[in-house]
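Q: If you want the building blocks of each chain, they are given just below.
2 protein chains.
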Amino acid sequence: MSNTRPTETNTIRARRLGLDTQFEAVVFMRKDCHVCRSEGFSAHARVLLCHDGHQVIATLYQVTGDLIAHNEAALSESAWSRLGMKDGDRIVVTHPDPLDSLSHVRSRIYGHDLGESSFHAIIEDIVEGKYSDIDLSSFITACAARPLDHKEILALTHAMVEAGERLRWPAGIVVDKHSVGGLPGNRTTPIIVAIAASLGLMMPKTSSRAITSPSGTADTMETMAPVDLDTAAIRRVVEHEGGCVVWGGAVRLSPADDILIRVERALDLDSEGQMIASVLSKKIAAGSTHLVLDLPVGPTAKVRSPEVAQALAQGLSSIGETFGLRTKVVVGDGLQPVGRGIGPSLEARDVLAVLKGEPDAPADLRRRATALTGALLELAGAASGGKGEAMAARELDNGHAWAKFQRICEAQGGMRVPPKSRQQRPIAAERPGKVGAIDNRRIARLAKLAGAPDDKAAGVDLHVKVGDAVLAGQPLCTVHADSPGELAYAFDYATLNPDIITVDKS
Amino acid sequence: MSNTRPTETNTIRARRLGLDTQFEAVVFMRKDCHVCRSEGFSAHARVLLCHDGHQVIATLYQVTGDLIAHNEAALSESAWSRLGMKDGDRIVVTHPDPLDSLSHVRSRIYGHDLGESSFHAIIEDIVEGKYSDIDLSSFITACAARPLDHKEILALTHAMVEAGERLRWPAGIVVDKHSVGGLPGNRTTPIIVAIAASLGLMMPKTSSRAITSPSGTADTMETMAPVDLDTAAIRRVVEHEGGCVVWGGAVRLSPADDILIRVERALDLDSEGQMIASVLSKKIAAGSTHLVLDLPVGPTAKVRSPEVAQALAQGLSSIGETFGLRTKVVVGDGLQPVGRGIGPSLEARDVLAVLKGEPDAPADLRRRATALTGALLELAGAASGGKGEAMAARELDNGHAWAKFQRICEAQGGMRVPPKSRQQRPIAAERPGKVGAIDNRRIARLAKLAGAPDDKAAGVDLHVKVGDAVLAGQPLCTVHADSPGELAYAFDYATLNPDIITVDKS
Numbered sequence: 033m034s035n036t037r038p039t040e041t042n043t044i045r046a047r048r049l050g051l052d053t054q055f056e057a058v059v060f061m062r063k064d065c066h067v068c069r070s071e072g073f074s075a076h077a078r079v080l081l082c083h084d085g086h087q088v089i090a091t092l093y094q095v096t097g098d099l100i101a102h103n104e105a106a107l108s109e110s111a112w113s114r115l116g117m118k119d120g121d122r123i124v125v126t127h128p129d130p131l132d133s134l135s136h137v138r139s140r141i142y143g144h145d146l147g148e149s150s151f152h153a154i155i156e157d158i159v160e161g162k163y164s165d166i167d168l169s170s171f172i173t174a175c176a177a178r179p180l181d182h183k184e185i186l187a188l189t190h191a192m193v194e195a196g197e198r199l200r201w202p203a204g205i206v207v208d209k210h211s212v213g214g215l216p217g218n219r220t221t222p223i224i225v226a227i228a229a230s231l232g233l234m235m236p237k238t239s240s241r242a243i244t245s246p247s248g249t250a251d252t253m254e255t256m257a258p259v260d261l262d263t264a265a266i267r268r269v270v271e272h273e274g275g276c277v278v279w280g281g282a283v284r285l286s287p288a289d290d291i292l293i294r295v296e297r298a299l300d301l302d303s304e305g306q307m308i309a310s311v312l313s314k315k316i317a318a319g320s321t322h323l324v325l326d327l328p329v330g331p332t333a334k335v336r337s338p339e340v341a342q343a344l345a346q347g348l349s350s351i352g353e354t355f356g357l358r359t360k361v362v363v364g365d366g367l368q369p370v371g372r373g374i375g376p377s378l379e380a381r382d383v384l385a386v387l388k389g390e391p392d393a394p395a396d397l398r399r400r401a402t403a404l405t406g407a408l409l410e411l412a413g414a415a416s417g418g419k420g421e422a423m424a425a426r427e428l429d430n431g432h433a434w435a436k437f438q439r440i441c442e443a444q445g446g447m448r449v450p451p452k453s454r455q456q457r458p459i460a461a462e463r464p465g466k467v468g469a470i471d472n473r474r475i476a477r478l479a480k481l482a483g484a485p486d487d488k489a490a491g492v493d494l495h496v497k498v499g500d501a502v503l504a505g506q507p508l509c510t511v512h513a514d515s516p517g518e519l520a521y522a523f524d525y526a527t528l529n530p531d532i533i534t535v536d537k538s
Numbered sequence: 033m034s035n036t037r038p039t040e041t042n043t044i045r046a047r048r049l050g051l052d053t054q055f056e057a058v059v060f061m062r063k064d065c066h067v068c069r070s071e072g073f074s075a076h077a078r079v080l081l082c083h084d085g086h087q088v089i090a091t092l093y094q095v096t097g098d099l100i101a102h103n104e105a106a107l108s109e110s111a112w113s114r115l116g117m118k119d120g121d122r123i124v125v126t127h128p129d130p131l132d133s134l135s136h137v138r139s140r141i142y143g144h145d146l147g148e149s150s151f152h153a154i155i156e157d158i159v160e161g162k163y164s165d166i167d168l169s170s171f172i173t174a175c176a177a178r179p180l181d182h183k184e185i186l187a188l189t190h191a192m193v194e195a196g197e198r199l200r201w202p203a204g205i206v207v208d209k210h211s212v213g214g215l216p217g218n219r220t221t222p223i224i225v226a227i228a229a230s231l232g233l234m235m236p237k238t239s240s241r242a243i244t245s246p247s248g249t250a251d252t253m254e255t256m257a258p259v260d261l262d263t264a265a266i267r268r269v270v271e272h273e274g275g276c277v278v279w280g281g282a283v284r285l286s287p288a289d290d291i292l293i294r295v296e297r298a299l300d301l302d303s304e305g306q307m308i309a310s311v312l313s314k315k316i317a318a319g320s321t322h323l324v325l326d327l328p329v330g331p332t333a334k335v336r337s338p339e340v341a342q343a344l345a346q347g348l349s350s351i352g353e354t355f356g357l358r359t360k361v362v363v364g365d366g367l368q369p370v371g372r373g374i375g376p377s378l379e380a381r382d383v384l385a386v387l388k389g390e391p392d393a394p395a396d397l398r399r400r401a402t403a404l405t406g407a408l409l410e411l412a413g414a415a416s417g418g419k420g421e422a423m424a425a426r427e428l429d430n431g432h433a434w435a436k437f438q439r440i441c442e443a444q445g446g447m448r449v450p451p452k453s454r455q456q457r458p459i460a461a462e463r464p465g466k467v468g469a470i471d472n473r474r475i476a477r478l479a480k481l482a483g484a485p486d487d488k489a490a491g492v493d494l495h496v497k498v499g500d501a502v503l504a505g506q507p508l509c510t511v512h513a514d515s516p517g518e519l520a521y522a523f524d525y526a527t528l529n530p531d532i533i534t535v536d537k538s
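Residue numbers (this note's numbering), protein chains in the order written: chain X, 33 to 538; chain C, 33 to 538.
Pulled out of the complex, with its shape left as it was, chain X reads as follows:
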């Protein structure tokens, strides 16, 4: 065991640095401060920080300049909050014990399969923030270089579920929906929840905020109602209305997933086993019993071939089954963005148009929402085979889903009107022709440059779909921003990338 007893030589005043490192805890200290000298820390070492019963392992950056005072250690936000610090508090900084669970990671690297207890030990240490980026990357690579077998995926999923909170619901059937991301504007969730809840199903939906995209479902929903609810509040909303659309961040469902996903993204590495454990652990922890998976396939989407989609579907349902979770995968078209708006407010406008049944509501968004809801209704036994989609469409047409959505928003804290942007500027076609392609990745980038998701009203409004005929000078999309400066930034990018939306000669 590390000696965490405070002594004169290992204790130092802590300062809040306001440094966003996402999950990685970081501490800055003077190389020549009394703690670095007495503990003999080397640059870039891993150190154990202790305060008032809390512990966190952090990466040490040693500073020789005057950035940090001699008698202080400066902490990143993640370290600060994990230690429950107040300004002026003192911390103990010592050498951490070697992590036993890393020997399991090495064991897998050296060719051995891991059992349940090994995965539990690894995931527990990850959730406690004990793994550095280097450790996380090694674990993820080790699980991809020799694919996890069925038993291992099961054990990993189990460990991930156990490492966080777990919600339980009174209903026997709890439905859920998950989209394997990558498609801008694919904001079907609020519509699906409204229809399913209106038809009497229980659908307590926790969603994420954007990490690298211009909007997450939680960001879009937040323009229409509060989403930052704790577990008790979520329970109240769902008990009254049958459904909710809230931010999952306040509920710690499979917290390991949030940590692993950041590194998987950096590595651009999505092994089948990890993807299955990632999706299922969140849903099992959320108490779901029936899950529909929206899997868009396309050249600039996450899943690029029907074969990969098929293998993934197979794995998801067989592992899900073991946990009592019935799963159906709906493979969809991932060619271009869904609806028109990209960015929180603009997407909310599309969602509301579909729910209200407005005549110009985006047809593709409505079609996707009713198809996924239909699959969910059939999977949960609420509709007979082949009848689900029509049942979902009816619930939109008769206004029940819209009424339910308003009640859900009220229950979450009060319905809001999505804000409108102050600055708009269209991007026009340079020549007549037919829209050939829309680049999912770069149109998302454009929306982010305009300020989404931090500026709720910012983003891109598409006026065309692939295949549409356009005239020279006709607006292809409109960029929305809050300030002329941001509008200009976005336009710089658009000018440098004239082929985000391509127009082919017809």
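No lab work stands behind these hints, which were simulated from the structure alone.
Just to be clear, a hint being listed does not mean it is correct.
Chain copies aren't distinguished; within one or between two, either way the pair holds.
Said to hold, decoys possible - List time: in silico DSS-like cross-link candidates among lysine-lysine, alpha-carbon distance up to 27 Å:
hint	residue 1	residue 2
1	Lys-334	Lys-497
2	Lys-452	Lys-63
3	Lys-419	Lys-360
4	Lys-497	Lys-466
5	Lys-63	Lys-118
Note that the structure is predicted; figures quoted are calculated from it, not measured.
Mind docking chain C on chain X? Use the hints.
A: Coordinates of chain C only, in the frame set by chain X:
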């Protein structure tokens, strides 16, 4: 290609942070500064920094507090020096292109062997600082999870050699020696070089400074002569004296190795293939033709079993052969520290005692040095089989090696007297008995706490060996430090760890 053209929105004044991150380049910027906003960077992103024709990819830390001003980007030392910055210079910060070579890493993860061009692309990007810690860890893990085959080790070694400087020597035979670390005080190199050069062999030795140990060969040598020589100066010394012992840092021999080794250490992962490529790439780049490898085996040493040592020896000689490098592995005892001193000056004192033939010179250090030199003489054909060790011993006894060593020191810039510590305090046996064990790892830690290697005179002087009989109160070792404070720090650790040197009841 990234757009690195300076614009108003991607240019910012740089500030030197004095931050030691070892190799990883790091940049700090305000989350709300004009560049972060206009470029749409997310927390912990990888960004491309450009200045005056230089480029480096850095990890971005976003700050919300007042640590960094709005109009500045603060750079770590590695980023600062790679960009060739002066205070007040402005840099361009943009999104880097995706690294093509990472697709080779992914390809190996997905089960494909890598060819020569893939390893070249990977190693080139690593040397240019384009890999994050996450990327490096994934590459290392991918090469360990499915062991590199002979062809791949060859290709990796070749790529590592090509990525740096390469020395060429006039002699047909250039000898070298490498110790696979972990044994404190194992400072045979200066003795071996002196003997070999005195016998007419060419031995241009580049050594490392301590990274995690209380002293590297370069640190010890530096107490006796300057070691910070550039390639031209090294060449002059070797042409005159036949040998040198200099710091390798000024010569970029296999620079990828220095970067990879830090992450391998953090992961405690030493795959055979990577170890072979690491050792051989340095030696081939140094122009060596005959190499003796000192491989101590023991429970607290790096290599723990004779079987592993054997496999390693086999791989080293077969890969070495391909590059025209003849290799002999000497498996030694790695049970306890070598000699008496641990720390730069104390080790130098032992080295000098052996070279001068002083009656109380540490016998084990002398024995190891003559055994390794003997093996080297036989390998290089300078001694017939079984006669090498005696020839090496004779060269010590007749004073020739000592005379040669003095000339080498003079040629390197002038011989120095190792400094003596200001503070000493012995640690005494608490009871009579026999010394049972000395923990290599923790005795090294004690020496570091006393101030080694930064304080050259600091460290630990051992007075006993395993098996020695001791009386109660007899000093087991003496701690040397520069200040009473550091002596106290080291003693705190010794008090908490009374079993660094165990005394068994006899």
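Q: Next step is simple, just say for each hint if it's right about the structure.
A: Results of checking the hints against the structure:
no.: 1; hint: Lys-334 - Lys-497; result: within (20 Å within a copy, 62 Å between copies)
no.: 2; hint: Lys-452 - Lys-63; result: between (50 Å within a copy, 24 Å between copies)
no.: 3; hint: Lys-419 - Lys-360; result: within (16 Å within a copy, 77 Å between copies)
no.: 4; hint: Lys-497 - Lys-466; result: within (10 Å within a copy, 85 Å between copies)
no.: 5; hint: Lys-63 - Lys-118; result: both (24 Å within a copy, 23 Å between copies)
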